[in-house]
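Heads up: the sequence shown at position 308 corresponds to 308 in full-length UniProt numbering, and the numbers run straight through without jumps.
A hint or two may mislead.
Below, computed lysine to aspartate or glutamate pairings styled on EDC-like, alpha-carbon distance capped at 20 Å [stated by the list, open to error]:
(1) LYS529 x GLU411
(2) LYS93 x ASP81
(3) LYS191 x ASP570
(4) LYS590 x ASP573
(5) LYS40 x GLU62
(6) LYS447 x GLU543
(7) LYS40 x ASP332
Listed next, with one range per pair, are the computed distances between beta-carbon atoms [as the list claims (entries may be wrong)]:
(8) SER277 x MET592: 17 to 27 Å
(9) ASP81 x LEU210: 25 to 35 Å
(10) ARG343 x SER179: 44 to 54 Å
To be clear, the hints were calculated from the coordinates, so they are not data collected in a lab. Because the structure is a prediction, the values reported are computed rather than measured. The beta carbon of each residue, even a glycine, is placed where N, CA and C say it ideally should be.
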Amino acid sequence: MAQMDTSCLMVKHELTNEDNIRVVVRIRPLSEKEIKSAFKNIIRIDHPNHISILNLTHNGDERPKTFAFDAVLGESSSQEDVYECFGRPVVEKVFEGYNGTIFAYGQTGSGKTYTMEGVQENKDEWGIVPNAIHHIFLAIDQATDRDKTVSFSVRVSYVEVYNENIHDLLSEDHTASLSIREDPLHGVFVKRLTGFVVASSTDLYNVTTLGNRNRATGSTKMNEKSSRSHAVLMVTIQQNVSGKLMTRVGSLHLVDLAGSERQSKTGTSGVRLKEASKINQSLSTLGKVIAALVDAKSTHVPYRESKLTLLLKNSLGGNSVTTMVANVAPSDYNYDETLCTLRYADRAKHIKNHVQLNDSPRNIAIERTAGEILMLKKELEQLSKIVDDPTIEFIDTDQKERIEELEEEEEEERRRRENMTNDELAAYLEMKMQREVHETNLLLAKKEYDKVQQMLQQVEKHAIVGEENLLEKLDEQKQQLNVWSLELKKAASTERELEMLLHWLESDMMDIEDKYSSLQEEVDEKTKKLNKLMPVLGRAKKELAALEKKQRRQILKEVDKVRDMTRHLDLYDHILSQWIPEDKLLLIEKNMTWDEWTDEWTIR
1 MAQMDTSCLM VKHELTNEDN IRVVVRIRPL SEKEIKSAFK NIIRIDHPNH ISILNLTHNG
61 DERPKTFAFD AVLGESSSQE DVYECFGRPV VEKVFEGYNG TIFAYGQTGS GKTYTMEGVQ
121 ENKDEWGIVP NAIHHIFLAI DQATDRDKTV SFSVRVSYVE VYNENIHDLL SEDHTASLSI
181 REDPLHGVFV KRLTGFVVAS STDLYNVTTL GNRNRATGST KMNEKSSRSH AVLMVTIQQN
241 VSGKLMTRVG SLHLVDLAGS ERQSKTGTSG VRLKEASKIN QSLSTLGKVI AALVDAKSTH
301 VPYRESKLTL LLKNSLGGNS VTTMVANVAP SDYNYDETLC TLRYADRAKH IKNHVQLNDS
361 PRNIAIERTA GEILMLKKEL EQLSKIVDDP TIEFIDTDQK ERIEELEEEE EEERRRRENM
421 TNDELAAYLE MKMQREVHET NLLLAKKEYD KVQQMLQQVE KHAIVGEENL LEKLDEQKQQ
481 LNVWSLELKK AASTERELEM LLHWLESDMM DIEDKYSSLQ EEVDEKTKKL NKLMPVLGRA
541 KKELAALEKK QRRQILKEVD KVRDMTRHLD LYDHILSQWI PEDKLLLIEK NMTWDEWTDE
601 WTIR
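Start from the sequences, fold in the hints, and give me the full structure.
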């Protein structure tokens, strides 16, 4: 069939809060096998955004079926045309702080993996993934050259859905099944998923190459290297600006779906037949999800019927700029499959996503702790006026050494008293008492200063370092801040006690000459006051040591608790996988609900 081949003329429209999924159709050329078998081309592109398909089984009497999409890419379209058409716009949106998804759909052998991966050894044949990698780090280099205060962090994970099991393609044990979870705070996530922070395009190429080697593939009559799993490459880009705590975060999901299969054409059996059954099952659920999303009367979207659709929940009807590329084969031999793919894509283009800029977990943490940081800084400013006084010489804070020093000073004082005159003794004791009072007060102030400084660093650290498990730690940070706040109040109370004692001593010193009738009486009284002061210092040291010991015990207890929970979870997962059939387990999971009031799982 004669046709007009075209490069991409993507339908342009501004991004809004409710943005339709973009759908692009790519037509592969006839294969050598199809040409040898004398199969005919049944596809025509008579407009850059329209595609027609003719059913030759009716002798050409049936009118062609025509579909309109955002773009249609003909047989001669290059890999560069493909990326510039719909790959580059999505990656640019990710740099602006949005989520982006590109997924390839089509029957087995229609060119999905070639579209997504291409041939890495030949730059002209790079697919969406290698072109996106090159684009990401080129954009990072350009941004950092323009503005030296800007820095980026790129994190990558890679998973596959094989026989309805989630596998981590970057893990040493890439055949282990992982669980997928969802909650209102974190959204959909895969537990214990490996993530690598990469610093260059070469690093990211190497990571994706590792994942591709671990991916499940097999041979069928339709495709010598057929993907037997759905693969999702997840790239998170975080942009930081020096001197600013707020960040910009965007996530890119690149999805290569396994192709739908007909056993009569692929000739699969045994393991391959089971794989095909699971692939078709998940794609059928994907079709149900798409149908539910475009049906205004639908009240339920069956995301949970398949691991694939749950993993893609954010990309289908959620917060994501999404492009679907429908790959089709042009031969009359594949008429039914091609028509099915085009109808699938035609429904998908009506899905509306709710797109919005990401509010990163780090930004949320910053907002929550901004008030605490300001309060701590104010207290630090007040304490620093005391600590930074250049006329003050700090005493040793080690408890044992300080006790030894006090004992030596006491012995030296006793010897000096024996050799002093009354006037010298009085002057010496007055000076010593003033120094001890001042040093004691200063010691507590210095300890509180150090503690508040450490608290501030911890708060800022938890607010700034946002990549590893920050979502799961926000509540723990809040609880820890409450603990620190109580400890700070205790320290402040101790300081006030010492301040009151200091004021009392100063008041007494002003009246000391009128109060005492002899120099010896004055010496004795000052010695008593000095002896009263020493227990205060001892109590403060004991309190600080007790707090440190309590904190260490609490940390060890929490670590043991986490380890114990991990062991129990591993045990339960092992028992479930060994003793409960997979179909029964899926049935149980489907009928389990979480009761928010009782914090318990119940069976419907």
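Each hint tested on the structure:
no.	hint	result
1	LYS529 x GLU411	holds (18 Å)
2	LYS93 x ASP81	holds (19 Å)
3	LYS191 x ASP570	holds (12 Å)
4	LYS590 x ASP573	holds (17 Å)
5	LYS40 x GLU62	holds (16 Å)
6	LYS447 x GLU543	holds (12 Å)
7	LYS40 x ASP332	holds (6 Å)
8	SER277 x MET592: 17 to 27 Å	holds (25 Å)
9	ASP81 x LEU210: 25 to 35 Å	holds (29 Å)
10	ARG343 x SER179: 44 to 54 Å	violated (34 Å)
The structure fails to meet hint 10 from the earlier list, while all remaining hints are met.
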